[in-house]
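Protein chains in written order, with the numbering used here: chain E, 621 to 776; chain W, 10 to 353.
By construction, these hints were calculated from the structure, which means they are not laboratory data. Predicted model, so just to flag it, every value in this text is computed and none were measured. There may be inaccurate statements among the hints.
With a Cα cut of at most 16 Å, we get these calculated EDC-like pairs of lysine to aspartate or glutamate [as the list claims (entries may be wrong)]:
hint, chain 1, residue 1, chain 2, residue 2
1, E, Lys-656, E, Asp-716
2, W, Lys-85, E, Asp-743
3, W, Lys-82, E, Asp-743
4, E, Lys-729, W, Glu-70
Residues from chain E shown here face chain W by an in silico Cβ test under 8 Å; the list is partial [as the list claims (entries may be wrong)]:
hint, residue
5, Ser-701
6, Lys-705
7, Val-711
8, Ser-713
9, Leu-714
10, Ile-731
11, Gln-732
12, Glu-735
13, Leu-736
14, Leu-739
15, Trp-744
16, Pro-751
Where is the CB? At the ideal position from N, CA and C, for every residue including glycine.
Now for the letters of each chain:
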Amino acid sequence: IEDETNFVPGFDYLARFQCQSLDASAREESVAWILKVQAYYNLQPLTAYLSVNYLDRFLYSRRLPENRGWPLQLLAIACLSLAAKMEEHLVPSLIDLQVEGAKYIFEPKTIQRMELLVLTVLDWRLRSVTPFSFIDFFACKLDPTSTFLGFLISRA
Amino acid sequence: MAIAGAGQLNLHESPCWGSRSVDCFEKLEQISEGTYGQVYMAREIKTGEIVALKKIRMDNERGFPITAIREIKILKKLHHENVIKLKESVTSQGAKDEQGRPGKCCPIPINNLLLGATKYSPAVDMWSVGCIFAELLHGKLIFPGKDEPEQLNKIFELCGAPDEVNWPGVSKIPWYNNFKPTRPMKRRLREALGNQEKAPATATTRRKGQTTEITAFTASCRLPPIQSGQAHAQMRPGPNPPLHGSQPPVAAGPGHHHGKPRGPAGGPGRYPANGTNGGFNHQNHGGGYSSGPYPPQGRGAPYGSSGMPGAGPRGSGGSGYGVGAPNYSQDGPTEVLVLDVALT
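Isolated chain E, as found in the complex (with noise of 0.2 Å):
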């Protein structure tokens, strides 16, 4: 439980979006393009979920160069392309991941630099425990007869 604080923001991550030392409106563009790629490639919602922590965690620890524009695009590229490739079997390329609106479009070699610095300052820590991992145990608990589970769980 202890480690579990390297996979969750600092405490004090709201109240930085509140006195608007982060653009909160940003953080939500990057949080629904990504949810709109996962969509559109049909990933796992694990997968956006995983991409959403890690934009999290990299915004509460570093500083982009500014508030708006490609420095936010780049790195939510990264982070979705990061959590895809620890979740999926199959990942998108780079260039492929770069739909549904994005402004931007990057160069692999660029992503690449990105994703490095993102596993820096997450000290390669990307195997967040989230709530995806309890939704088997609780759907069992659920629905001993596992006749709906695939639909719950579906559903969850």
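Using the hints, position chain W against chain E.
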């Protein structure tokens, strides 16, 4: 392998990760070349410290390779005198990542591809696991070859030599004819490793049952085979009845030749048996996601079969991600050698 002198090691000062350039090191010589990239002996210019430098090949399509991410994650966590310590990650122009490490232990080159094969697959990993088990049991390196011919020879001596009978397709592997043994060689793995007297303390001090089980693992090792897009084959020379029922999910493919029938090939696992291509080794069959070498994983539909918008800035060829296998593939000949000890 570089062994740093006691005074040379500089374990306490570690510059910030990824902040330095590889120019801080002077490459002395190449130690080995693996699937992921090359390893060099190098000297840190400032301190004179001798390190091993591993250059990671970057995947231009998918960025930082997940295999490298895993390797670095794991090495960062491991702190043991017998495990190489990961000191630092440095970058070079072109965003390649290299890691400097003090040379402390010599990794066994058991997960390298042999005979000119170019494709990596899960079966190669299984071979590595088998070798490690065998080495634990044996107490020393199991195939201590200095170079590839010597290593292959050691493998053939212990596991038997492959030929077209026990391993259909083996003669098509690029360098098979250069390396094939001139005399028949029988498998003598059980004789070599089955003797518990020879087993190291770690194995012999265990309860008898456990030791036997490990021996069984090794004894049922199979010298394995080829994985290509078309034919998968496994040979099982010698009567080595598997003591444990289930087969590992390695290289399940339609063309396997096993000594006896097995369960539904592939099963619900991730290396399916459909189509002509198995698992990671499917070739450049333009279909990509849509030709479906991967079945639905029980969580979401496969790519491209439905619901995927046809438009979008996809790669050339109009076939989704089609070219090449997702993670492990490299360009090159399509035949693949997988020397594989499968644990049964």
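Here's how the hints hold up against the structure:
1. Lys-656(E) - Asp-716(E): It holds: about 13 Å lies between the C-alpha atoms, which stays within 16 Å.
2. Lys-85(W) - Asp-743(E): Holds, at about 9 Å.
3. Lys-82(W) - Asp-743(E): 9 Å, holds
4. Lys-729(E) - Glu-70(W): 9 Å, holds
5. Ser-701: 6 Å, holds
6. Lys-705: For Lys-705(E), the interface hint holds, since the closest Cβ of chain W sits about 4 Å away, which is under 8 Å.
7. Val-711: At about 6 Å, which falls below the 8 Å cut-off, the nearest Cβ of chain W leaves the hint on Val-711(E) intact, so it holds.
8. Ser-713: 4 Å, holds
9. Leu-714: 5 Å, holds
10. Ile-731: 6 Å, holds
11. Gln-732: With a closest approach of 4 Å, the Gln-732(E) hint holds.
12. Glu-735: 4 Å, holds
13. Leu-736: 6 Å, holds
14. Leu-739: This hint holds: Leu-739(E) lies near chain W, its Cβ roughly 7 Å from the closest one there, short of 8 Å.
15. Trp-744: Because about 5 Å separates Trp-744(E) from the closest Cβ in chain W, which is inside the 8 Å limit, the hint holds.
16. Pro-751: This interface hint is violated because 15 Å lies over the 8 Å limit.
Violation of the numbered hints given earlier is confined to hint 16; every other hint is satisfied by the structure.
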